Every structure is written in C-alpha cells, then in structure tokens.
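K.L.:
Let's have the full structure, built from the sequences with the hints guiding it.
Protein sequence lines, in the order shown, are assigned to chains P and D.
So the first sequence is numbered by the working numbering: it starts at 295 and just counts up by one.
So the second sequence is numbered by the working numbering: it starts at 2 and just counts up by one.
In short, the hints are calculated from the structure, not lab data.
None of the values given here were measured: they were computed from a predicted structure.
Incorrect hints may have been included.
Said to hold, decoys possible - Within a straight-line C-alpha distance of at most 16 Å, the following computed EDC-like cross-link-like pairs (lysine to aspartate or glutamate) qualify: (1) K4/D <-> E98/D; (2) K4/D <-> D220/D; (3) K320/P <-> E98/D; (4) K71/D <-> E412/P; (5) K71/D <-> E313/P; (6) K94/D <-> E324/P; (7) K46/D <-> E406/P; (8) K214/D <-> E232/D; (9) K46/D <-> E412/P; (10) K46/D <-> D409/P; (11) K74/D <-> D409/P.
To be verified - Facing chain D, from chain P, some residues (calculated, C-beta under 10 Å): (12) K296; (13) T317; (14) I408; (15) L411; (16) E412; (17) M414; (18) N417.
Think of the CB as a built atom: it goes at the ideal place given N, C-alpha and C, for glycine as much as any other residue.
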Amino acid sequence: MKGFGKYMIFLGSLFVRRETFMTYYKLTLEECINIGVKSILLFVLVSTFMGGVTTLQTGANLVSPFVPRFIISNVVREMTILELAPTIMAIIYAGKVGSSMSGGLGTMRITEQIDALEVMGINAASYLVLPKIIASLMMYPLLVIVSGICALLGGYLVGTLTELLTPTEYIYGIRYAFNEFFISFALIKSFVFAFLIASISSFKGYYTQGGALEVGIASTQAVTASIIAILLADYFLAYLLL
Amino acid sequence: MIKINNISKSFGDKNVLDGISGEFVKGKTNLIIGASGTGKSVLLKCIVGLIQPDTGSVYYDLRNFTEADKEMKSEIRREIGMLFQGGALFDSKNVEENVMFPLNILTTMPASEKIERVNFCLQRVGLEGVNKKMPSEISGGMKKRVGIARAIVNNPNYLFCDEPNSGLDPQTSIVIDELIMEITHEFDITTIVVTHDMNSVMGIGESILFLYKGHKLWDGSNKDIMNSGVEELDAFVFTNKIMKSLKVG
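P.N.:
Structure representation (structure tokens):
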C-alpha cells in the first residue's frame with residue numbers, strides 16, 4: 295500500500311510546476327519517435343508471425359467437415375482484436391519500451407542528472423515523465439492498430455499460401471458477424487495499458503537508488519509490475535465492458 | 002551570502018548532521034571539508050534543497066529557503082548553479098545543448114544570444130571547438146569544465162560544487178580549482194565547494210568549515226588551518242609525511 299501511495303503522489307507531481315507548452319511539445323515528439331517509430335518494426339514482425347501461427351493452429355484444430363473453413367479467419371480476427379493486438383503486444387511493449395524508460399530514468403537518477411534538473415528549479419518528474427506518458431498514450435494505440443492489421447495480413451498470407459483456406463473464405467470469415475464495439479474495446483484497452491506501462495516503468499526508474507545493479511533491478515521490476523498491472527486491467531476491462 | 006542555522010539530518014537511526022550553523026560569504030570560495038562519510042555532501046544537498054533537513058533553516062540572502070513554498074524555492078533555485086561530482090551532463094545532449102539547457106528552460110533569450118552566451122561560457126572554462134561533442138566523447142576533466150560552464154551560463158548568484166576534483170589527476174584538479182575561484186571573484190558569487198582534497202583546501206580555501214562525524218568542529222581559512230589546535234582537524238590535514246613535516250616546521 296505504501297508503494298501504491300507513493301505511485302499516486304508521483305502521478306500527482308507530474309502536473310505541478312510544469313514547464314512551457316513548447317517544452318513539452320518538443321519532448322513529446324522526441325518520445326513519440328523513441329517509443330513509437332522505433333517500435334514499429336518489432337510490432338510488425340511479431341504480429342505478422344502471430345497472425346500466421348494463429349491461423350495454422352486454428353486450422354489444425356478445426357478439422358470437422360461440419361465447421362466451415364471461413365471460421366478459421368473468423369477466430370483469428372476475434373483473437374487478434376480482443377487479445378493478441380492489445381494485450382499480448384502490451385507485454386512486448388512493456389519489455390521493450392517499459393524497460394528502456396525505467397533504465398533511462400534510473401541511470402539519470404544515479405548519475406545525478408535528475409538532481410541537476412531539480413537544482414535548476416525544474417520539476418524533474420514532470421519534465422521527464424509527462425512527455426513519456428503522453429507519447430505512450432499517443433503511440434501505443436497506433437501500434438495496436440498496426441499490429442492488428444499485420445496479424446490479419448499474416449493470417450491471410452499463411453492461410454492462403456498453405457491452402458488452408460481460399461482468399462475468399464479468409465475475407466468472408468474476417469467480415470462475418472463483425473462486432474464494431476470490439477475495435478473500441480481494443481482501443482480502450484490500449485489506452486489503459488499505455489498509461490500503466492509508461493507510468494509504472496517511469497515510477498520504478500525515477501526512484502532508483504544505488505548503482506548499475508539497481509538500475510537493472512528497477513528495469514526488471516518495471517517490466518514485472520507492468521505485466522501484472524496489464525493482466526489485472528485486462529480482466530477488469532473485459533468484465534466491465536463485454 | 003548563504004546562512005545555515007542549526008541544520009540536523011538523520012537517516013533512520015544514523016545521525017548524519019547535528020546542529021550545523023555557519024555563513025558562506027559572497028565573493029569567496031567557501032569550502033566544506035571533512036573525511037568521507039562525515040556528512041559534507043548531505044549538508045550541501047540540504048542547502049540546495051535536494052534533501053529536507055530534519056531541523057534548522059537555510060537563508061539565501063535573508064530569504065528562508067527551508068520554509069519557502071514550492072514557487073519560492075523554484076525562484077531561488079533558478080539563481081543556483083551546481084557542479085556535480087560526476088558532471089551530471091545529460092547523456093542525450095551534446096556539449097552545446099548541455100550548456101544551453103538552463104537558458105532554454107529558464108529564459109526567453111533569442112537563439113543567437115543563447116549561442117553567444119554558451120560560447121562565452123565554454124571559452125571561459127577553456128573549452129573551444131567541442132560544442133558538438135557528446136559527453137561520452139570527452140574526458141573527465143572536460144566534463145567537469147562543461148559542468149562549470151552549464152552552472153554559470155545563467156549568471157547564478159550561488160555556485161555549488163560537489164567534490165569537483167574527484168577522479169581527476171592533480172594537475173587538472175588545480176586547473177578546476179583555480180577556475181572555480183576565478184569565476185567566484187569575477188562574477189562576485191557565493192560559492193560553496195565540498196571537498197576532502199588538501200590541495201583544494203590550501204589552494205582555494207578562503208573560508209573553510211570543517212565537519213567531523215556530523216558536527217562542525219572548526220571554521221576559518223587556509224591561512225590558519227595549520228594552527229587550528231583542533232585535534233581532529235590536524236588528523237585530517239596532516240595525513241602524509243610532507244604535511245607532517247610542515248607541521249613540525
């Protein structure tokens with residue numbers, strides 16, 4: 295509970311003694327590049343393969359002649375939109391971006407760079423962390439959209455190239471009984487996860503004490519805590535919204 | 002002038018500072034000296050507000066910093082320049098961006114003026130032509146110089162240096178010490194240097210405060226440190242044969 299209280303105070307400190315809008319604008323753009331643009335390749339790669347493998351495995355399990363083949367892509371679509379794109383990618387995002395945020399801030403803390411900001415009269419938490427959270431909120435939902443598209447394309451490629459189903463069957467399955475709310479649900483999840491990962495990782499890094507070893511520990515803790523938060527939030531959001 | 006009054010600080014059961022009082026004079030290099038673990042850096046951090054003291058107050062030219070609200074603290078901090086032990090340069094910024102950083106954040110100066118000011122400060126600390134180098138590409142001594150340039154770029158009224166010589170060779174240490182003293186005199190600022198280096202003490206110690214196990218045991222200048230009559234200070238000063246021979250002489 296003490297840690298949670300400290301986390302809440304940390305979040306509150308982000309919004310006091312702020313710098314100018316232009317300062318945050320520039321920092322947020324830099325973070326968008328670091329967080330978003332530099333993660334695209336990994337997201338495209340992972341989600342394309344994930345879509346392909348999901349198609350193969352679903353096909354392998356639906357062997358009954360009474361089940362039409364387009365159900366394969368239908369299942370792939372539901373899995374991708376509901377879980378794979380927003381949740382599984384969030385775990386990968388926590389590993390890549392969360393650990394980098396935590397490690398970066400932890401290093402700044404132990405090399406007194408954060409103290410240097412404070413001595414200059416700058417609210418270091420707000421200056422360093424707020425742009426990361428805003429950039430994460432902006433970029434992660436976009437990455438989830440990219441991931442969803444890539445997973446469905448990966449499924450299409452694997453499904454058609456292995457002649458598991460025809461292109462027409464795949465497209466039909468993708469469009470069959472489509473519930474638009476699932477897209478909104480995936481995006482709501484992506485916003486929540488983006489906030490949790492950026493804020494928890496920054497919190498862990500910001501309060502690092504010690505040396506290089508502690509920076510590594512803080513990064514590990516950041517990823518672990520983020521993943522636990524993602525899974526809990528995933529459960530509650532599914533319970534509340536579906 | 003900076004005045005500290007009855008500063009105490011404990012971490013758990015460990016009493017690190019116990020009722021430290023003193024004055025740090027404007028236009029002089031004021032040194033806080035003592036062996037490792039005596040609370041020098043903690044005292045410096047209490048003075049700049051990075052650590053909140055348990056008791057006591059810090060006054061910046063009669064402005065009570067300890068009791069000040071966040072806005073007031075922020076105002077005072079904008080008059081402070083600080084050189085950290087490791088330089089604390091921002092890794093992601095080059096030398097020019099590091100030195101320009103306080104100007105970008107704290108002023109509305111036009112870009113051309115900022116560059117002019119940065120170049121002046123870099124020239125003042127003896128660094129030219131390194132504007133575009135990254136901190137990882139320069140030596141420890143150069144990092145300290147860049148740190149000093151960043152600390153003075155916004156014309157501070159107060160300059161703090163936390164062990165400016167740590168990790169430097171004796172020659173570079175003297176250069177850094179002299180630079181700090183010259184800047185102090187030239188810009189008439191209140192400078193506080195935390196050190197345990199006797200070369201610094203003898204070279205730039207115009208005003209010295211000696212800490213021993215969290216207590217202030219002595220204050221004076223480098224002129225009278227040899228004859229302080231304080232046993233603990235003598236033990237700190239006369240650690241090697243050369244210094245001991247001076248004492249005997």
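K.L.:
Each hint should be assessed against the structure and marked as holding or not.
P.N.:
Comparing the hints with the structure gives:
1. For the proposed pair K4/D and E98/D, the alpha carbon gap of about 33 Å is over 16 Å, so the pair is violated.
2. Pair hint K4/D plus D220/D holds up; C-alpha atoms about 14 Å apart against a cutoff of 16 Å.
3. Of the supplied pair hints, the one linking K320/P and E98/D holds, its CA atoms being roughly 14 Å apart against a limit of 16 Å.
4. With a CA separation close to 12 Å, the supplied pair K71/D and E412/P stays within the 16 Å bound.
5. Between the alpha carbons of K71/D and E313/P the distance comes to roughly 14 Å, so the proposed pair stays at or under 16 Å and holds.
6. Distance restraint check for K94/D and E324/P: the Cα-Cα separation of roughly 13 Å lies within the 16 Å cut-off, and the hinted pair is therefore satisfied.
7. Distance hint between K46/D and E406/P is fulfilled; the C-alpha atoms sit about 12 Å from each other, no more than 16 Å.
8. Distance hint between K214/D and E232/D is fulfilled; the C-alpha atoms sit about 14 Å from each other, no more than 16 Å.
9. For the hint pairing K46/D with E412/P, the CA-to-CA distance comes to about 11 Å; that is within 16 Å, so the pair holds.
10. Restraint check for K46/D and D409/P: the C-alpha separation of about 9 Å stays at or below 16 Å, so the hint holds.
11. For the proposed pair K74/D and D409/P, the alpha carbon gap of about 14 Å is at most 16 Å, so the pair holds.
12. Checking K296/P against chain D: minimum C-beta separation of about 16 Å lies over 10 Å; hint violated.
13. Hint status for T317/P: holds, given a least beta-carbon distance of 7 Å to chain D, under 10 Å.
14. Satisfaction of the interface hint for I408/P is found here, the shortest Cβ-Cβ separation to chain D being roughly 9 Å, below the 10 Å cut-off.
15. Because the smallest distance between the Cβ of L411/P and any Cβ of chain D comes to about 9 Å, under 10 Å, the interface hint for this residue holds.
16. Residue-level restraint check for E412/P holds (minimum Cβ-Cβ distance to chain D is 6 Å; threshold 10 Å).
17. This hint holds: M414/P has a C-beta 6 Å from the nearest C-beta of chain D, less than the 10 Å allowed.
18. The restraint placing N417/P at the interface with chain D holds, with a minimum CB-CB distance near 8 Å, inside the 10 Å limit.
Of the numbered hints stated above, those contradicted by the structure are hints 1, 12, listed in ascending order.
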